Amino acid sequence: MTTPSTHALTAVPTGAELALHGVRLGHPGGAAVSGPVGVRIAPGELLTVVGPSGCGKTTLLRTLAGLLPPLEGRVTQDGEPVRRPGVDRAFVFQHDALLPWRSVRANVELPLAIRRVPRAERRRSAEEWLERVGLAGHAHGLPGRLSGGQRQRVQLARALAGRPRAVLMDEPFGALDATTRAGMQDLLVEILRGTGATVVFVTHDVDEALHLGDRVLLFGSGEVLDVPHPRARDAREAPATAALRRRVLDSL
Amino acid sequence: MSWGRRLVRVASPLVALGVWQLLTSLDVDLWLRFEQFPTVVEVASALADRIGTETYWQDLGHSLRRIALGFLLAAVLGVAAGTAVARSRWAADVLGPLVEVVRPVPAIALVPVAILLLPTNEQGIVFITCAAAFFPVLVSTRHAVRALDPAWEEAVLTLGGGRFRVLFSVVLPGALPGVFGGLSVGIGVAWICVISAEMISGEYGVGYRTWQDYTVVDYPGVFVGMATIGVLGRLTSTAVEALGRRVTAWLPGAGEGGAAGPARPSGSAPAPAPRTDTAAPEGPTGPGPLTGPVPDAPAASAARSSVAPPVPDKEPVT
Chain A
1 MTTPSTHALT
11 AVPTGAELAL
21 HGVRLGHPGG
31 AAVSGPVGVR
41 IAPGELLTVV
51 GPSGCGKTTL
61 LRTLAGLLPP
71 LEGRVTQDGE
81 PVRRPGVDRA
91 FVFQHDALLP
101 WRSVRANVEL
111 PLAIRRVPRA
121 ERRRSAEEWL
131 ERVGLAGHAH
141 GLPGRLSGGQ
151 RQRVQLARAL
161 AGRPRAVLMD
171 EPFGALDATT
181 RAGMQDLLVE
191 ILRGTGATVV
201 FVTHDVDEAL
211 HLGDRVLLFG
221 SGEVLDVPHP
231 RARDAREAPA
241 TAALRRRVLD
251 SL
Chain B
253 MSWGRRLVRV
263 ASPLVALGVW
273 QLLTSLDVDL
283 WLRFEQFPTV
293 VEVASALADR
303 IGTETYWQDL
313 GHSLRRIALG
323 FLLAAVLGVA
333 AGTAVARSRW
343 AADVLGPLVE
353 VVRPVPAIAL
363 VPVAILLLPT
373 NEQGIVFITC
383 AAAFFPVLVS
393 TRHAVRALDP
403 AWEEAVLTLG
413 GGRFRVLFSV
423 VLPGALPGVF
433 GGLSVGIGVA
443 WICVISAEMI
453 SGEYGVGYRT
463 WQDYTVVDYP
473 GVFVGMATIG
483 VLGRLTSTAV
493 EALGRRVTAW
503 LPGAGEGGAA
513 GPARPSGSAP
523 APAPRTDTAA
533 PEGPTGPGPL
543 TGPVPDAPAA
553 SAARSSVAPP
563 VPDKEPVT
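Chains as they are written, first to last, in my numbering: chain A, 1 to 252; chain B, 253 to 570.
Calculated from the structure, these hints are not laboratory results.
Given the structure is predicted, the values throughout are model-derived calculations rather than measurements.
There may be inaccurate statements among the hints.
Claimed, not checked - One-sided and incomplete, this derived list gives chain B residues near chain A with beta-carbon spacing under 10 Å:
no., residue
1, A343
2, A344
3, L350
4, H395
5, A399
6, D401
7, A403
8, E405
9, R417
10, V422
11, P425
12, G426
13, V499
14, T500
15, A501
16, L503
A virtual CB, placed ideally from N, CA and C, is assigned to each residue, including glycine.
Here chain A stands alone, though its shape is the one from the complex (with noise of 0.2 Å):
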């Protein structure tokens, strides 16, 4: 980790507390995706969603971002209710979202451009970014020319620069290949450690979702279970570990 600085842009925000109650969700006039959603994410907790490709994860996390309104219930941030996207939860899109006009730079800047955060002050804020998800050399480049690894680590930065409380992550590295992704995974776990910020990790990958996450929310069941050893790469064959993904999978 690079050294903290002391400007209140890098001073550790406290992680913000999601909350779903008794939440169906669904497009306006369309079916429900999902019956009652009732789960509470404290404060810093990665909390990893798995289900089957299609079942209604995106909705979820769409709706915590206050991008859909439920179609029942309650979605709150610190009890508060959540009724608009708001700079506090950022989104990482499975296909990034990088606007394609925008420099590398530019585009990790952009939360802080929109919060009118001085130029310089910026800049320096995303060239450490970039550093930190080691594409300092692409700085100026267009994300067209990045590879898609490149492209989502440039996503991270920069829903990262904005030192959000809660961080929406909707299969990031699904699209990548393995080596990659187990990269990408580590790298996710360096840069948000110290940042305090809540994160929910959608994946259909059972085995992302054990690794990452401190507690797993099985979206068919709605159940929601400790991971034993969140994060520890030579704990995979812990037998708690290969209990708990023999569970998860039997659901799936």
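Chain A is already provided as a structure; the job is to place chain B on it using the hints.
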């Protein structure tokens, strides 16, 4: 580009000029009659004479100023209206039906409207030019804005951006490729209309001068006018395309010498490039009135015939 293709590109217009010179200098009369048609040499010498005069450059300046004003106005209004219609249901309901009714009316047919509404001819010409370019820009912008990737907007929203941030950081830059498609079409239509409008009601300007030359049976002069229009049109549309390529360099496949972007040919948009033949008189070969209020309708080009009634307030300088 290979040498062979280069050669063809250079040779093609030269051969065309050669054929023209041959047909006219030999006074060929094979159903098509070339006796009165000026030769290339006559046109070239007329051009050489004109280029030395102040009037020529004055006309050029007038036409350029009118098209610049009209086109820029159309660009701003077209992008604004297109974006509004695409983004707001209210704007779509209010503007949509109006646009669809006014759009099929040829801009040059708005001459009476311009005369009734606007105090001066000059403003009328700018108005007509603007009206011509406005619709292609509006339609292309509307399509481009509707086709934007929704993830871009959502990304900005979840980074804390509001409506204006979405508009200026996502909608407008993202729609630029389509907007420039519309601008490319628009600049071509704008030339057609600025020249036609000048012919009808202008004082000074390349179109006015071309028509004046026709009325005094100065055919080489007419061709000088057409050549001037062609070159100006080519230069301005090249400028628009070049600017378009510059601001859309981020497109995948940009820099491979394609068009400015995924330009959708909009429904009613006329030809993309100014055609010099719109200025060609098709009427009787006799001279029009030399002086006096108005060159009257009988010697009308296709563009003129759609505005048959004479233009009452024209004051020829001669």
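Earlier hints that do not hold, by number
1, 2, 3, 4, 5
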